[in-house]
Amino acid sequence: DAKTTQPPSMDCAEGRAANLPCNHSTISGNEYVYWYRQIHSQGPQYIIHGLKNNETNEMASLIITEDRKSSTLILPHATLRDTAVYYCIVRVARRQLTFGSGTQLTVLP
Amino acid sequence: ETGVTQTPRHLVMGMTNKKSLKCEQHLGHNAMYWYKQSAKKPLELMFVYSLEERVENNSVPSRFSPECPNSSHLFLHLHTLQPEDSALYLCASSQDERGGHGNQPQHFGDGTRLSCL
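Chains E and X supply the protein sequences, listed in that same order. Going by our numbering, the first sequence opens with residue 1, and the numbers climb by one from there. Going by our numbering, the second sequence opens with residue 1, and the numbers climb by one from there.
Since the hints were made in silico from the structure, they are not lab data. We put the beta carbon where it would ideally sit given N, CA and C, even for glycine. One should not assume that every hint holds.
[Stated by the list, open to error] Per the computed footprint, the stretches of chain X lying under chain E, defined by three or more beta-carbons under 8 Å from a beta-carbon of chain E, are:
#1 66–72
#2 103–112
[Stated by the list, open to error] Computed beta-carbon distance windows for the label pairs:
#3 E:Asn19 - X:Ser65: 38 to 46 Å
#4 E:Thr65 - X:Gly14: 22 to 30 Å
#5 E:Asn23 - X:Ser20: 23 to 31 Å
[Said to hold, decoys possible] Away from chain X, derived, C-beta distances all over 10 Å, residues of chain E:
#6 Asn23
#7 Ser25
#8 Ser28
#9 Ala60
#10 Ile63
#11 Glu66
#12 Ile74
#13 Asp82
Just need the whole structure built from these sequences, with the hints factored in.
As structure tokens, then:
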């Protein structure tokens with residue numbers, strides 16, 4: 001089963017890009033990388049997912065290394081409302097998302 | 001995003017009570033899930049319904065009983081709960097493929113905060 005490793009916390013200045021790293025060195029060839037975030041007292045919010053190509057949507061960009069052993073979530077212009085716990089997930093079982101401890105991102109004014 | 005709606009948002013239960021949690025999704029998905037999130041623990045998958053058939057149950061105690069009358073609604077019936085059942089109960093939905101091998105993301109509601117006395 002693929003396991004992910006993320007730093008426990010990061011700070012980012014408001015208006016700057018937030019770059020959140022994730023290591024998933026045991027990922028297998030058909031496993032996707034998903035990113036979610038959870039703001040206190042709310043359910044997890046889906047952000048983006050990808051297999052091997054870089055992906056971009058209205059919320060963020062996902063950069064996956066060529067060997068697929070790590071990825072970076074980029075929030076291009078962080079705001080105070082982006083303060084949350086960010087989870088990098090490689091789905092380890094059919095239909096099941098396994099959330100680790102995530103990265104607490106704090107956006108500072 | 002409010003594509004997945006859960007009610008109630010908060011619930012306090014005594015050990016002899018019977019209550020139900022409700023989840024409704026407006027995303028046109030065909031799979032729904034119940035997760036439990038306890039303090040300082042990762043999310044735990046409880047139940048999956050895909051194409052209205054329950055396809056997984058991860059050894060959850062029988063005091064939790066799911067019901068999925070159609071692809072848009074999901075219930076979790078609760079009875080004689082224990083203090084350790086206090087947690088945030090999250091519902092999610094996704095567009096599943098036959099055999100469960102799709103990669104579509106799951107979308108979550110904001111959960112029901114359950115306190116068991």
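Please check whether the beta-carbon of Asn23 of chain E is more than 10 Å away from every beta-carbon in chain X. Non-interface label on Asn23 of chain E holds, nearest chain X Cβ at 17 Å vs cutoff 10 Å.
Non-interface claim for Ala60 of chain E, where every Cβ of chain X lies beyond 10 Å: holds, 13 Å
Please confirm whether Ser28 of chain E is truly not at the interface, meaning its C-beta sits more than 10 Å away from all C-beta atoms of chain X. holds, 13 Å
Would you check chain E against the segment 103–112 of chain X, counting CB to CB pairs closer than 8 Å, and say if three or more residues qualify? The restraint on the segment 103–112 of chain X holds, since 8 of its residues have a Cβ under 8 Å from chain E and three suffice.
Just to make sure I understand the rule, a stretch counts as covered if three or more of its residues have a C-beta closer than 8 Å to a C-beta of the chain. Does the segment 66–72 of chain X meet that for chain E? Three-residue rule not met by the segment 66–72 of chain X, so violated; n is 0.
With d taken as the least Cβ-Cβ distance between Ile74 of chain E and chain X, does d exceed 10 Å? Label holds. Min Cβ-Cβ 18 Å, cutoff 10 Å.
Find the nearest Cβ of chain X to the Cβ of Ile63 of chain E and say whether that gap is larger than 10 Å. holds, 18 Å
Taking C-beta pairs only, is Asp82 of chain E more than 10 Å away from all of chain X? holds, 15 Å
Please test the hint of 23 to 31 Å on the beta carbon pair from Asn23 of chain E and Ser20 of chain X. violated, 41 Å
Nearest-CB test (10 Å) between chain X and Glu66 of chain E: holds, 20 Å
Does 22 to 30 Å hold as the CB distance between Thr65 of chain E and Gly14 of chain X, or does it fail? At roughly 52 Å between Cβ atoms, Gly14 of chain X and Thr65 of chain E fall outside 22 to 30 Å, so the hint is violated.
Decide, holds or violated, for the assertion that all CB atoms of chain X are farther than 10 Å from the CB of Ser25 of chain E. Since the minimum Cβ distance to chain X is about 19 Å, Ser25 of chain E lies beyond 10 Å and the statement holds.
Of the numbered hints given earlier, the model fails hints 1, 4, 5; all others are met.
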